[in-house]
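Undergrad: What follows is each chain in one-letter form.
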Amino acid sequence: MSSIHPDEVTTGRLAGVVAGVPRPLDPVTGDGTLIDDPAARAPLVLNDRSFHEITNMVCGYVENKPGRWWLPTISFTGTVAGIGTAMILYLIITGVGVWGLNNRVGWAWDITNFVFWIGIGHAGTLISAILCLLKQKWRTSINRAAEAMTIFAVICAATYPGIHVGRVWMAWMMFPIPNANSIWPNFRSPLLWDLFAVSTYGTVSLLFWYMGMIPDFATLRDRAANELRRSPTGPTVAPFLKTRTASVRALVYGLLSMGWRFSHRHWQRYEKAYMILAGVSTPLVLSVHSIVSFDFATSVLPGWHTTIFPPYFVAGAIFGGFAMVLLLMIPSRELFPNMKDLVTLRHLENMAKIITVTGSMVGFAYLMEFFIAWYSGNPYEQEAFINRATGPYWWAYWTMIFCNVVSPQLFWMRWARTSAFWIFIVSLLVTIGMWFERFVIIVTSLHRTFLTSAWGMFFPTPVDILTFCGTLGIFTTLFLLFLRFLPAFAMAEIKNVTPAANPHAGDSRGHAHGGH
Amino acid sequence: MKKASRKVYKTESGERVYGMMAEFPTPGAISHGAEHVRDAGYRHWDVYSPFAIHGMDEAMGLKPTRLPLLIATLGLTGAGLGYLFQWYVSAVLYPMNVQGKPPGAWEPLTPITFEFGVLFTAFTTLFGMLAFNRLPVFYHPLLKKERFLRVSDDRFIIAVEARDEKFDPARTRALLEKAGATRIELVED
Numbered sequence: 001m002s003s004i005h006p007d008e009v010t011t012g013r014l015a016g017v018v019a020g021v022p023r024p025l026d027p028v029t030g031d032g033t034l035i036d037d038p039a040a041r042a043p044l045v046l047n048d049r050s051f052h053e054i055t056n057m058v059c060g061y062v063e064n065k066p067g068r069w070w071l072p073t074i075s076f077t078g079t080v081a082g083i084g085t086a087m088i089l090y091l092i093i094t095g096v097g098v099w100g101l102n103n104r105v106g107w108a109w110d111i112t113n114f115v116f117w118i119g120i121g122h123a124g125t126l127i128s129a130i131l132c133l134l135k136q137k138w139r140t141s142i143n144r145a146a147e148a149m150t151i152f153a154v155i156c157a158a159t160y161p162g163i164h165v166g167r168v169w170m171a172w173m174m175f176p177i178p179n180a181n182s183i184w185p186n187f188r189s190p191l192l193w194d195l196f197a198v199s200t201y202g203t204v205s206l207l208f209w210y211m212g213m214i215p216d217f218a219t220l221r222d223r224a225a226n227e228l229r230r231s232p233t234g235p236t237v238a239p240f241l242k243t244r245t246a247s248v249r250a251l252v253y254g255l256l257s258m259g260w261r262f263s264h265r266h267w268q269r270y271e272k273a274y275m276i277l278a279g280v281s282t283p284l285v286l287s288v289h290s291i292v293s294f295d296f297a298t299s300v301l302p303g304w305h306t307t308i309f310p311p312y313f314v315a316g317a318i319f320g321g322f323a324m325v326l327l328l329m330i331p332s333r334e335l336f337p338n339m340k341d342l343v344t345l346r347h348l349e350n351m352a353k354i355i356t357v358t359g360s361m362v363g364f365a366y367l368m369e370f371f372i373a374w375y376s377g378n379p380y381e382q383e384a385f386i387n388r389a390t391g392p393y394w395w396a397y398w399t400m401i402f403c404n405v406v407s408p409q410l411f412w413m414r415w416a417r418t419s420a421f422w423i424f425i426v427s428l429l430v431t432i433g434m435w436f437e438r439f440v441i442i443v444t445s446l447h448r449t450f451l452t453s454a455w456g457m458f459f460p461t462p463v464d465i466l467t468f469c470g471t472l473g474i475f476t477t478l479f480l481l482f483l484r485f486l487p488a489f490a491m492a493e494i495k496n497v498t499p500a501a502n503p504h505a506g507d508s509r510g511h512a513h514g515g516h
Numbered sequence: 517m518k519k520a521s522r523k524v525y526k527t528e529s530g531e532r533v534y535g536m537m538a539e540f541p542t543p544g545a546i547s548h549g550a551e552h553v554r555d556a557g558y559r560h561w562d563v564y565s566p567f568a569i570h571g572m573d574e575a576m577g578l579k580p581t582r583l584p585l586l587i588a589t590l591g592l593t594g595a596g597l598g599y600l601f602q603w604y605v606s607a608v609l610y611p612m613n614v615q616g617k618p619p620g621a622w623e624p625l626t627p628i629t630f631e632f633g634v635l636f637t638a639f640t641t642l643f644g645m646l647a648f649n650r651l652p653v654f655y656h657p658l659l660k661k662e663r664f665l666r667v668s669d670d671r672f673i674i675a676v677e678a679r680d681e682k683f684d685p686a687r688t689r690a691l692l693e694k695a696g697a698t699r700i701e702l703v704e705d
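As they're listed, the protein sequences go chains U and A.
The working numbering puts the first residue of the first sequence at 1, with every later residue one more than the last.
The working numbering puts the first residue of the second sequence at 517, with every later residue one more than the last.
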């Protein structure tokens with residue numbers, strides 16, 4: 001660690017962001033944050049960044065041109081998103097027959113992808129709400145990106161129930177809207193609970209995300225205003241237009257910031273509101289995946305009709321969601337300048353630990369399902385589980401076991417959970433595994449039900465595959481746009497967890513008022 | 517009535533004075549400065565900082581906000597309305613025989629009742645917070661000051677408004693100086 005205090009103004013600091021000193025990773029402390037001694041606090045932000053540097057770094061991602069990788073990457077993901085959208089249009093025009101599902105397997109990739117995406121979102125709310133209530137200060141560096149990921153995952157998830165109903169133009173009948181036929185939805189159906197749970201979850205996540213960004217929008221607004229005052233010329237929106245990017249920023253971020261002026265009387269209510277939103281988001285996030293699991297658990301189908309589903313689904317959602325956060329954050333911290341100062345190895349290690357914990361919970365649930373099937377003495381239940389492991393979809397089941405139960409055990413090894421490379425590999429496996437988990441639950445339970453006459457197989461069509469790839473494209477495109485145009489880190493919150501933010505920080509140095 | 521008794525200050529160029537702003541170097545210094553202003557008995561003043569400084573509520577002598585009361589009221593109202601709506605639809609408007617269960621049973625209505633409660637709570641929290649803070653507002657005299665715009669980055673400022681009964685250009689300046697302010701300037705309305 002260098003000995004510069006964040007408050008100290010050096011020439012380098014006045015000029016802008018000083019690049020972090022590239023030093024080799026220490027075998028014991030990594031980048032300096034992997035301290036095992038509980039008495040020593042690991043720094044949350046590296047290189048003793050001052051408030052001004054944190055502002056410059058985070059606003060820089062929005063204000064400066066991104067690296068050369070950005071345009072080709074978003075062009076690619078945008079194309080994939082476009083193909084997916086074309087597939088959805090094709091489906092709407094033609095009918096659900098373009099998918100591989102059939103009379104025997106009535107739910108397949110549509111609901112698999114729905115549960116996959118909605119689960120991904122849960123890590124974002126866990127980081128922003130539950131870790132906030134638990135006063136985990138390290139969350140401040142990753143919560144904004146994780147919340148963004150939540151919103152985008154919910155958007156991808158919400159697509160599927162809308163388009164899988166067949167006659168998409170009748171999808172409004174899912175909502176309790178007065179209509180000419182005087183028909184109302186059945187409030188005793190878990191499918192309707194699910195609709196309300198997911199739409200509430202999406203709305204509340206959006207409000208929470210937006211509220212967190214209000215002060216950061218104001219920072220961007222003020223910087224744009226200062227830029228306009230200081231220099232009469234600057235970069236324009238397009239070569240043939242005279243509008244300056246700074247004036248667009250001042251207008252857009254100015255509107256979004258609601259005129260926030262960093263008043264402490266405002267901060268007081270803001271902090272209270274933030275705690276309350278975290279407080280209601282916590283039961284909400286736990287309820288959403290529980291209710292998603294009710295879609296299955298309240299049916300009478302062997303393999304679905306189990307009471308372990310709600311906690312098992314919630315653990316799996318957090319598991320898969322953290323893997324996705326890591327999949328997004330690990331490349332981002334390589335590609336954006338100085339992001340490694342904010343997202344340190346300790347952040348990655350903490351998330352890797354959560355993956356191992358929740359992965360083991362999921363593994364326990366897999367075992368418990370088998371045990372209960374045997375213990376129940378119900379031949380249908382037993383056959384459903386034996387069929388999962390040894391039937392025609394055995395490879396899906398064992399892929400799931402390998403990815404979800406075996407691969408996270410690598411993190412018991414310290415070298416693995418402190419290496420960005422290995423964390424990335426395991427996160428990739430976990431994401432694949434969690435997709436297969438939903439596939440196994442949905443398709444293997446449906447394809448062999450009580451009567452052999454109802455047995456069948458499901459094979460995806462190219463439209464199935466391209467639609468799923470399309471949602472991956474929509475998701476990554478939205479995330480890239482987020483990194484480029486919105487404050488990707490909660491600046492105000494990060495500043496508040498640096499040592500200089502402590503009102504008693506100056507005292508020991510005789511700086512402010514000579515100590516206590 | 518109060519308005520009539522209040523003195524209006526003007527700058528030499530004839531502009532109305534909004535107040536006086538004073539800069540402090542660190543979070544510690546501004547906490548200390550806020551205690552001075554609080555003890556001097558000012559009412560219309562505020563601390564501006566890039567983040568919520570720990571312990572500032574006490575340093576400013578702020579009472580706890582009543583926002584949670586509003587949120588709890590509207591959140592519970594939302595849950596109640598959600599329940600009533602579902603019950604009215606299921607038991608009165610469109611009773612369906614599903615597995616022979618009574619149409620007015622409360623148990624299956626709990627998940628959506630909860631969701632309604634959460635939804636109302638979240639909306640009240642965001643919009644209640646903004647309303648209590650008198651936001652959105654797209655003009656403020658302080659935001660015209662270039663130095664004030666650095667608050668969103670790394671500056672700490674106390675602003676005392678001229679409408680405060682205790683406000684007096686000379687005495688307020690002396691107080692802020694004593695409180696440890698580094699730069700003090702008048703803000704035009």
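No lab work stands behind these hints: they were computed from the structure.
Hints should not be assumed to be uniformly reliable.
Said to hold, decoys possible - If you anchor each label on the Cβ, the simulated ranges turn out as follows: (1) T236/U with A690/A: 20 to 26 Å; (2) H570/A with S299/U: 49 to 55 Å; (3) L609/A with S75/U: 31 to 37 Å; (4) G577/A with W172/U: 50 to 56 Å; (5) R167/U with L609/A: 23 to 29 Å; (6) P499/U with A690/A: 29 to 35 Å.
Claimed, not checked - Partner residues aside, some chain A positions facing chain U, computed with beta carbon under 10 Å: (7) P543; (8) H548; (9) H570; (10) G571; (11) L578; (12) L597; (13) W603; (14) A621; (15) F643; (16) D680; (17) F683; (18) D684; (19) I700.
All of these numbers come straight from a predicted model, not from anything done at the bench.
C-beta: ideal position from N, C-alpha, C; glycine also.
Undergrad: Taking the hints in turn, state whether each one holds.
TA: For each hint, the structure was consulted:
{"no.": "1", "hint": "T236/U with A690/A: 20 to 26 Å", "in the structure": "violated (48 Å)"}
{"no.": "2", "hint": "H570/A with S299/U: 49 to 55 Å", "in the structure": "holds (51 Å)"}
{"no.": "3", "hint": "L609/A with S75/U: 31 to 37 Å", "in the structure": "violated (51 Å)"}
{"no.": "4", "hint": "G577/A with W172/U: 50 to 56 Å", "in the structure": "holds (53 Å)"}
{"no.": "5", "hint": "R167/U with L609/A: 23 to 29 Å", "in the structure": "holds (24 Å)"}
{"no.": "6", "hint": "P499/U with A690/A: 29 to 35 Å", "in the structure": "holds (33 Å)"}
{"no.": "7", "hint": "P543", "in the structure": "holds (5 Å)"}
{"no.": "8", "hint": "H548", "in the structure": "holds (6 Å)"}
{"no.": "9", "hint": "H570", "in the structure": "holds (6 Å)"}
{"no.": "10", "hint": "G571", "in the structure": "holds (6 Å)"}
{"no.": "11", "hint": "L578", "in the structure": "holds (6 Å)"}
{"no.": "12", "hint": "L597", "in the structure": "violated (13 Å)"}
{"no.": "13", "hint": "W603", "in the structure": "holds (8 Å)"}
{"no.": "14", "hint": "A621", "in the structure": "holds (8 Å)"}
{"no.": "15", "hint": "F643", "in the structure": "holds (9 Å)"}
{"no.": "16", "hint": "D680", "in the structure": "violated (14 Å)"}
{"no.": "17", "hint": "F683", "in the structure": "violated (17 Å)"}
{"no.": "18", "hint": "D684", "in the structure": "violated (23 Å)"}
{"no.": "19", "hint": "I700", "in the structure": "violated (18 Å)"}
Hints 1, 3, 12, 16, 17, 18, 19, counting from the list given before, are not met by this structure.
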